[in-house]
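> Here's the letter readout for the chains.
Protein chains: 2
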Amino acid sequence: MGTLLKTEQLGRHILVEYYNCDKEVLKDHKKIEEYMKTAAIEAKATIVQSVFHLFNPWGVSGAVIISESHLTIHTWPEYGYAAVDLFTCGDSVNPWDAFDHLSEVLGAEKTETTEVPRGLVDKIRHFAHEDLGDIKFKPDCK
Amino acid sequence: MGTLLKTEQLGRHILVEYYNCDKEVLKDHKKIEEYMKTAAIEAKATIVQSVFHLFNPWGVSGAVIISESHLTIHTWPEYGYAAVDLFTCGDSVNPWDAFDHLSEVLGAEKTETTEVPRGLVDKIRHFAHEDLGDIKFKPDCK
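Protein sequence lines, in the order shown, are assigned to chains A and B.
Under this note's numbering, the first residue of the first sequence carries the number 22, and numbering increases by one thereafter.
Under this note's numbering, the first residue of the second sequence carries the number 22, and numbering increases by one thereafter.
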């Protein structure tokens, strides 16, 4: 029985496509902001700052900066579609909890996700000219 | 001679890893904010709002919301590493111009990129229950 590979990385990034969402929700920038913040809390992230914008005639864009990186959203209410990014670092947060929360509150019938490692420690070491010593998360992760 | 495939998508998203950057730049949140905004301008994007945060003891996180989606950055000065996302929609902007600009001002010796289509029109149509009619960008893209 082989031992599983373990890779070290600074962050993990989930790219999410939400299809067939509740169109009324997708055009409500107050709800979207609230849901993105509760998604951050569900993931056990610490919210630093957020910006949300309602476009004319509709469609919401926004970002929540968390101590552990960021969550962003862009909605196209007319197509029931939202593009979401959940980028977290450290092992005290779980972006999949944010994903589950958003799936539910956006009423997404269909979801697709891709998880991408960000800041692979072996790569950072490989390209560096000096010995970087111990590579670790900062006390507050970032 | 075959005809090239053409796919329609709402947005394009470039995930960038910048290695071996200028460490002094990566810890300067004022410069990082300035460079991210000039990157947006180089891409011919319209800046809506931005948030940047300097972490203790160092490392910068920030997002620039543009009419055409967003640009984000997270820096780890001690490792010379930055994770950047360049997400744009519409054909009037070119995220690769933002990439080139940031490569230069961050002094990145090594870069790696992945381009991901966001909001593929055929998928949105496929999962929808109703006929969505013409799928197009809004006048102001989002």
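Don't read these hints as lab results, they were simulated from the structure.
Please note: incorrect hints may appear among the correct ones.
It does not matter which identical chain is meant; a pair holds if it fits inside one copy or across any two.
Stated by the list, open to error - As a list, the in silico EDC-like pairs of lysine to aspartate or glutamate whose alpha-carbon atoms are at most 16 Å apart:
| no. | residue 1 | residue 2 |
| --- | --- | --- |
| 1 | LYS157 | ASP118 |
| 2 | LYS48 | GLU63 |
| 3 | LYS157 | GLU99 |
| 4 | LYS144 | GLU133 |
> Taking the hints in turn, state whether each one holds.
Evaluated hints:
1. LYS157 / ASP118: So LYS157 and ASP118 fail the 16 Å test inside a copy (24 Å) and across (32 Å) alike.
2. LYS48 / GLU63: neither (23 Å within a copy, 30 Å between copies)
3. LYS157 / GLU99: between (44 Å within a copy, 10 Å between copies)
4. LYS144 / GLU133: between (28 Å within a copy, 11 Å between copies)
Comparing the model with each numbered hint stated earlier shows that hints 1, 2 do not hold.
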